[in-house]
Amino acid sequence: MSGLPLLSLAIWLPIVGGLLVLATGSDRNAGLARPLALVVAVAGFLVTIPLYTGFDNGTSAMQFEELRPWIQRFNINYQLGVDGISVLFILLNSFITPLVVLAGWKVIEEKVAQYMAAFLIMSGLMNGIFSSLDAVLFYVFFEASLIPMYIIIGAWGGPNRVYAAFKFFLYTLLGSLLMLVALIWLFFQSGFSFNLLDWHALRIPLAAQILLFLAFLVAFAVKVPMWPVHTWLPDAHVEAPTGGSVVLAAIMLKLGAYGFLRFSLPIAPDASRELAWLMIALSLTAVVYIGFVALVQADMKKLIAYSSISHMGFVTLGFFIFNSLGVEGALVQMISHGFVSGAMFLCVGVLYDRVHSRQIADYGGVVHTMPKFAAFMVLFAMANSGLPATSGFVGEFMVILGAVQYNFWIGFAAATTLILGAAYTLWMVKRVMFGAVANHHVAELTDINAREFAILGILALCVLGMGLYPLPFTEVMHASVDNLLKHVAVPKL
Amino acid sequence: MEMHPYALWVPLAPLFGALVAGLFGQTIGRAGAHWITSLGVAVSLALSWLIFQDVDAGKIYNAAVYTWATSGGISFQVGFLIDKLTVTMMLVVTFVSLMVHIYTIGYMAHDEDNWPTDSLAGKNSYQRFFAYISLFTFSMLMLVMSNNFLQLFFGWEAVGLVSYLLIGFWSSRPTAIYANLKAFLVNRVGDFGFLLGIGLIAAYCGSLNYGDVFALSQKLASTHIELIPGSPWLLVSVVCICLFIGAMGKSAQFPLHVWLPDSMEGPTPISALIHAATMVTAGIFMVSRMSPLFELSDAALSFVIVIGAITAFFMALIAIVQTDIKRVVAYSTLSQLGYMTTALGASAYSAAMFHLATHAFFKAVLFLGAGSVIIAMHHEQDMRRMGGLRKYMPITYLTVLIGALANAGFPPFAGFFSKDSIIEAVHLSTTTGAGFAYALILAGVFVGGFYSFRLVFFAFHGKERFREAPAHEAPGGHDAHGHDAHGHDDHGHHGPVEPKESPWVVTVPLVLLAIPSVIAGWAMIGPALFGNYFGGAIFIAPEHPAIASMKAGFHGAFGMITHGLMTPPFWLALAGAATAWYLYIARPDLPAVIKQKSGVLARILEEKYGFDRFNDWFFAGGARLLGRGLWKGGDQALIDGLAVNGSAKVVGWIASIVRLFQSGYIYQYAFSMIIGVFVLLTLWMNRA
Numbered sequence: 000m001s002g003l004p005l006l007s008l009a010i011w012l013p014i015v016g017g018l019l020v021l022a023t024g025s026d027r028n029a030g031l032a033r034p035l036a037l038v039v040a041v042a043g044f045l046v047t048i049p050l051y052t053g054f055d056n057g058t059s060a061m062q063f064e065e066l067r068p069w070i071q072r073f074n075i076n077y078q079l080g081v082d083g084i085s086v087l088f089i090l091l092n093s094f095i096t097p098l099v100v101l102a103g104w105k106v107i108e109e110k111v112a113q114y115m116a117a118f119l120i121m122s123g124l125m126n127g128i129f130s131s132l133d134a135v136l137f138y139v140f141f142e143a144s145l146i147p148m149y150i151i152i153g154a155w156g157g158p159n160r161v162y163a164a165f166k167f168f169l170y171t172l173l174g175s176l177l178m179l180v181a182l183i184w185l186f187f188q189s190g191f192s193f194n195l196l197d198w199h200a201l202r203i204p205l206a207a208q209i210l211l212f213l214a215f216l217v218a219f220a221v222k223v224p225m226w227p228v229h230t231w232l233p234d235a236h237v238e239a240p241t242g243g244s245v246v247l248a249a250i251m252l253k254l255g256a257y258g259f260l261r262f263s264l265p266i267a268p269d270a271s272r273e274l275a276w277l278m279i280a281l282s283l284t285a286v287v288y289i290g291f292v293a294l295v296q297a298d299m300k301k302l303i304a305y306s307s308i309s310h311m312g313f314v315t316l317g318f319f320i321f322n323s324l325g326v327e328g329a330l331v332q333m334i335s336h337g338f339v340s341g342a343m344f345l346c347v348g349v350l351y352d353r354v355h356s357r358q359i360a361d362y363g364g365v366v367h368t369m370p371k372f373a374a375f376m377v378l379f380a381m382a383n384s385g386l387p388a389t390s391g392f393v394g395e396f397m398v399i400l401g402a403v404q405y406n407f408w409i410g411f412a413a414a415t416t417l418i419l420g421a422a423y424t425l426w427m428v429k430r431v432m433f434g435a436v437a438n439h440h441v442a443e444l445t446d447i448n449a450r451e452f453a454i455l456g457i458l459a460l461c462v463l464g465m466g467l468y469p470l471p472f473t474e475v476m477h478a479s480v481d482n483l484l485k486h487v488a489v490p491k492l
Numbered sequence: 000m001e002m003h004p005y006a007l008w009v010p011l012a013p014l015f016g017a018l019v020a021g022l023f024g025q026t027i028g029r030a031g032a033h034w035i036t037s038l039g040v041a042v043s044l045a046l047s048w049l050i051f052q053d054v055d056a057g058k059i060y061n062a063a064v065y066t067w068a069t070s071g072g073i074s075f076q077v078g079f080l081i082d083k084l085t086v087t088m089m090l091v092v093t094f095v096s097l098m099v100h101i102y103t104i105g106y107m108a109h110d111e112d113n114w115p116t117d118s119l120a121g122k123n124s125y126q127r128f129f130a131y132i133s134l135f136t137f138s139m140l141m142l143v144m145s146n147n148f149l150q151l152f153f154g155w156e157a158v159g160l161v162s163y164l165l166i167g168f169w170s171s172r173p174t175a176i177y178a179n180l181k182a183f184l185v186n187r188v189g190d191f192g193f194l195l196g197i198g199l200i201a202a203y204c205g206s207l208n209y210g211d212v213f214a215l216s217q218k219l220a221s222t223h224i225e226l227i228p229g230s231p232w233l234l235v236s237v238v239c240i241c242l243f244i245g246a247m248g249k250s251a252q253f254p255l256h257v258w259l260p261d262s263m264e265g266p267t268p269i270s271a272l273i274h275a276a277t278m279v280t281a282g283i284f285m286v287s288r289m290s291p292l293f294e295l296s297d298a299a300l301s302f303v304i305v306i307g308a309i310t311a312f313f314m315a316l317i318a319i320v321q322t323d324i325k326r327v328v329a330y331s332t333l334s335q336l337g338y339m340t341t342a343l344g345a346s347a348y349s350a351a352m353f354h355l356a357t358h359a360f361f362k363a364v365l366f367l368g369a370g371s372v373i374i375a376m377h378h379e380q381d382m383r384r385m386g387g388l389r390k391y392m393p394i395t396y397l398t399v400l401i402g403a404l405a406n407a408g409f410p411p412f413a414g415f416f417s418k419d420s421i422i423e424a425v426h427l428s429t430t431t432g433a434g435f436a437y438a439l440i441l442a443g444v445f446v447g448g449f450y451s452f453r454l455v456f457f458a459f460h461g462k463e464r465f466r467e468a469p470a471h472e473a474p475g476g477h478d479a480h481g482h483d484a485h486g487h488d489d490h491g492h493h494g495p496v497e498p499k500e501s502p503w504v505v506t507v508p509l510v511l512l513a514i515p516s517v518i519a520g521w522a523m524i525g526p527a528l529f530g531n532y533f534g535g536a537i538f539i540a541p542e543h544p545a546i547a548s549m550k551a552g553f554h555g556a557f558g559m560i561t562h563g564l565m566t567p568p569f570w571l572a573l574a575g576a577a578t579a580w581y582l583y584i585a586r587p588d589l590p591a592v593i594k595q596k597s598g599v600l601a602r603i604l605e606e607k608y609g610f611d612r613f614n615d616w617f618f619a620g621g622a623r624l625l626g627r628g629l630w631k632g633g634d635q636a637l638i639d640g641l642a643v644n645g646s647a648k649v650v651g652w653i654a655s656i657v658r659l660f661q662s663g664y665i666y667q668y669a670f671s672m673i674i675g676v677f678v679l680l681t682l683w684m685n686r687a
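Residue numbers (numbering that gives the first Met the number 0), protein chains in the order written: chain U, 0 to 492; chain C, 0 to 687.
The set of hints was computed from the structure by calculation and includes no laboratory data. The reader is advised that the hints may include incorrect statements.
Said to hold, decoys possible - Okay, derived cross-link-like pairs now, EDC-like style, lysine to aspartate or glutamate, Cα gap no bigger than 20 Å in a straight line:
id : chain 1 : residue 1 : chain 2 : residue 2
1  : U       : Lys105    : U       : Asp26
2  : C       : Lys122    : U       : Asp352
3  : U       : Lys491    : U       : Glu474
4  : C       : Lys390    : C       : Asp297
5  : C       : Lys122    : C       : Asp110
6  : C       : Lys218    : C       : Asp297
7  : U       : Lys371    : C       : Glu111
8  : C       : Lys594    : C       : Glu606
9  : U       : Lys371    : C       : Asp297
10 : C       : Lys122    : U       : Glu443
11 : U       : Lys105    : U       : Asp352
12 : U       : Lys105    : U       : Asp481
13 : C       : Lys596    : C       : Glu606
14 : U       : Lys491    : U       : Asp352
15 : C       : Lys631    : U       : Asp298
As the list claims (entries may be wrong) - Pair ranges (Cβ atoms, derived):
id : chain 1 : residue 1 : chain 2 : residue 2 : range
16 : U       : Gly464    : C       : Pro502    : 34 to 44 Å
17 : U       : Gly2      : C       : Leu38     : 30 to 40 Å
18 : U       : Leu460    : C       : Lys631    : 18 to 28 Å
Claimed, not checked - Stretches of chain U that chain C covers, calculated by requiring three or more beta carbons in the stretch to come under 8 Å of a beta carbon on chain C:
id : region
19 : 211-220
20 : 287-299
21 : 420-431
Since we're looking at a predicted model, the values are computed, not measured. Positions of the beta carbon are idealized from the N, C-alpha and C atoms, including for glycine.
Given the sequences, and given the hints that come with them, work out the whole structure.
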């Protein structure tokens, strides 16, 4: 196994496969495009499994490294590698892709090959982001991954898709321009290196660190998204097709958070400590403010989108309290959020496919016509509310513990999510799933079919499995997180 | 530290039953579901009994089952601690649960009538109900058997989940799904405090295992933290108060009691099992388990005793104006939970646990008895439409009478011993606030005697009113307001009913629970309170002498009865019962007159002191108002309106480019573009 360039496979297998799917052309060949896409997606997941099974938990060093010169004039390399922070996201990403392909199986009837290809290519690109150790390579993947998502929203989205796709693009593109400036500055500072690991060792004066930190902050905060640059997300989710929402919530939001760990914290550790108060304040605002906003949403997708922002607030909070419970809790929360928010969006998709409405008011009493679906939805809703024995609990619990350790009142503010998260999630569940059958649309609903059952069932197993036994996830992280925290604790002015 | 070989099977047996009945309910059918779940719980009860033998012989089991996660130097484990405290709870939980399983076979036999005709969720509701109550039993066992705070919290929330599912079991009813959401959210308020307490423990002890934490209790008691700068608090006080806030949610203590009365929307078997006998006592159990911490904080104990006493008295008062038979029992439960909490504050943990056990029996009898009446009355719950039932359902009547006698605390019934011990312990307690608490719980005895016998006389004696017109059409009925209206289900209730005794699956559990309601008191008081039954499981600091002083004055159960006849509680309870007799048997015309005369007072009680209204208005309404304000004002007006769209007037012209997307094939170019970027960059850059 060790001979295979696993990371390259994880990146290029879906991309090349995606191009093949694209080559099947028009919808006359949709019957070929779909199974081909599924095969590519599953193969894409299978090649990432050795990354976990062969992973050495004992070291914080990069593993499965690949290094080839790419653009020698600027010392730009095709350099890949993963550590305990990034490896799980490659698995998560590759795992979600087959589910997304399955979710779009019947619903997408137009431009099928293009739709499937977009997701496959995006999946490969995002694996590239999580494994790049060269800043230019990272940047190229980071920007390139925007394009398929932009297209997915723009081409298969809802009525207001142009506004949403544009808002998404504008926000994220403007954000990353500043990052590009920072990258170029670092290139010169480091004596013409784009190697991230070189940059981690770089000594930088505080003022410069703070500027760097802010430049990265803009880029990553938009992606996470952090308050107050979050307003693109609800619009993007509402307009995106179900699969788009799933990938957006499950993987794309993690890119920004990952950026903090790979760039901001190790490159500008002193600035990170200086500005931690700001990050904590923004994170808690996301948890509390957005929790209240989620409560009053009338559109299910918007509600879940706001809930995502609130949950991501936990992630950034965990990063900037600088203890292992916080950082590891945040990482666990990112994985769990991938399962749970993905599942929630799929649930809304199941309803939308049947009734063509996302408005809470258009539903009521769904449990009477779709009992199997209701069982899944209640489970995922409970996970979204952070119920123990679901994955949603693990990260929240660890971050709250870490926060109390850091400062009681920060833990206090964070723990309000126990109440707010349950309130907005379960209130929605109450209005949609329970009560008397609301109208003839609900009365005519048919319960989930085998394909939908399989998708939701797999996610349900993930949610429960991770909730009951998160050790396999936390174990992978220890060495890298400890190393990162040690690194951040030492001034490098 | 070793693990009892049967320990793991105690929770797993009901879990297995729950999974089979829940996932394969359709296949195994109704009988399959009730057999497999009941057998699971029976196995659990039998194994608990075997474990009890070993624990009684002096052994303590404490070991991890598996490591859940590790982080920050803390190893989070799932594991069991089985000592006297645990095994007592295990026996109570599995016994009551088994009785409720059997009872449910009768109670839910016609559950399809409770669902809209074409509801698919109603198809397997019988099997699902059994799956839920077995899942509850599993969760509750995990809670009580835990040897660490993590698993405690797991069980804590899991029982909350099942409670949520069961209160809202009849999910087509608006009142039920209002009540279950309310229950979950109010409990979350408690859990919020609970989790912060756990967080503090993790931060300062570096472990969540009981053993490690208790070993460091002196450190907690000598550390001060300044939550508000300038006012240092003893860490152990903050921790205990946080933990107790969790108990206030789960055990429905004032002001987090509001969810419990509404939880009566659930089917009656779970009112007995979850909302009377077991789940709501989790808070009492937890505080007893944490006695090594609570004992070190006088502030926390005072907080506990005051909250408990307020709950005990003021909730009992509400019971006297309720006309719904289940709600009377519900408020009575609140009051009794208040008694237990008061005992905790008086450092009389064993008395609290003792009352927990006796209460589990007699309150289950009262609830299941009420359920038996409800079946006979074709799902009528309003006592104004009952009366004279004793000659139609003698077994139910007798068992309810026993329950009422025990609940009111008449000797020699079980409640007498446990309640009297609590009152005596509070009397002797030196905790600040004990005097206040003593006055309230003593007054509560009169009220308890009154509402218990009001129920008996109102429902089982006097004029037979069930052939008359529905009471809630009568003017002045108080159940007209809002969603708080009573949860009768009105199906199948057309015209007068002819009540008859319930089938044996209902009456046998009633009898089996009535027996310990009679004898558990005198059988258990000696060892439980004064015989060092709980051993090292409960710690009492030397400066809290209540139980020790009581021990000196204790001369056996019989002595306690004769002594009890000369003390105020007995006479107060008797006076309460006599008043009930006077008002509901001798002069049944009087209650209406009194109600009219007492005007505001009656209204305050009927409004339940206005908590529900206030919470709906302030918390639920306020949160929505705030949410809308932040959304419209913050997100839409400020961020999007000013910042985003303002700067994006550009949207106009870029949108004209974007329009290309609608026209067709640009995405294919875009794909090629991504790849092209790589290829071109590579070629062009490397050319020179």
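Between U/Leu460 and C/Lys631, does the C-beta distance stay in 18 to 28 Å? For C/Lys631 against U/Leu460, whose Cβ atoms are near 40 Å apart, the range 18 to 28 Å is violated.
Assess, step by step, whether the Cα of U/Lys105 is no farther than 20 Å from the Cα of U/Asp481, and give holds or violated. violated, 46 Å
Hinted pair C/Lys122 and U/Glu443, Cα distance within 20 Å: Since the Cα atoms of C/Lys122 and U/Glu443 sit roughly 17 Å apart, the hinted pair holds (cutoff 20 Å).
Does U/Asp352 sit within 20 Å of U/Lys105, going by the straight-line distance between their CA atoms? Within the cut-off at roughly 10 Å; holds.
Given hint C/Glu111 paired with U/Lys371 - CA-CA distance at most 20 Å: Roughly 18 Å separates the two Cα atoms, so the pair holds.
Holds or violated: are the alpha carbons of U/Lys105 and U/Asp26 at most 20 Å from each other? holds, 13 Å
Would you mind confirming whether the straight-line C-alpha gap from U/Lys371 to C/Asp297 stays at or under 20 Å? Cα-Cα ~51 Å, so violated.
C-beta pair U/Gly2, C/Leu38: status relative to the range 30 to 40 Å that was hinted: Cβ of U/Gly2 to Cβ of C/Leu38: about 55 Å, so the range 30 to 40 Å is violated.
What's the verdict on C/Lys122 and U/Asp352, does the C-alpha distance respect the 20 Å limit or exceed it? violated, 25 Å
Given hint U/Glu474 paired with U/Lys491 - CA-CA distance at most 20 Å: Not OK: U/Lys491 and U/Glu474 at ~29 Å, beyond 20 Å, violated.
Hint consistency between C/Lys596 and C/Glu606 [alpha-carbon to alpha-carbon, up to 20 Å]: Within the cut-off at roughly 17 Å; holds.
Given coverage of the region 211-220 of chain U by chain C, tested with a Cβ cutoff of 8 Å and a minimum of 3 residues: Contact hint for the region 211-220 of chain U vs chain C: violated, 0 residues under 8 Å.
When the structure is compared with the earlier hints, violations turn up for hints 2, 3, 4, 9, 12, 14, 17, 18, 19 and for no others.
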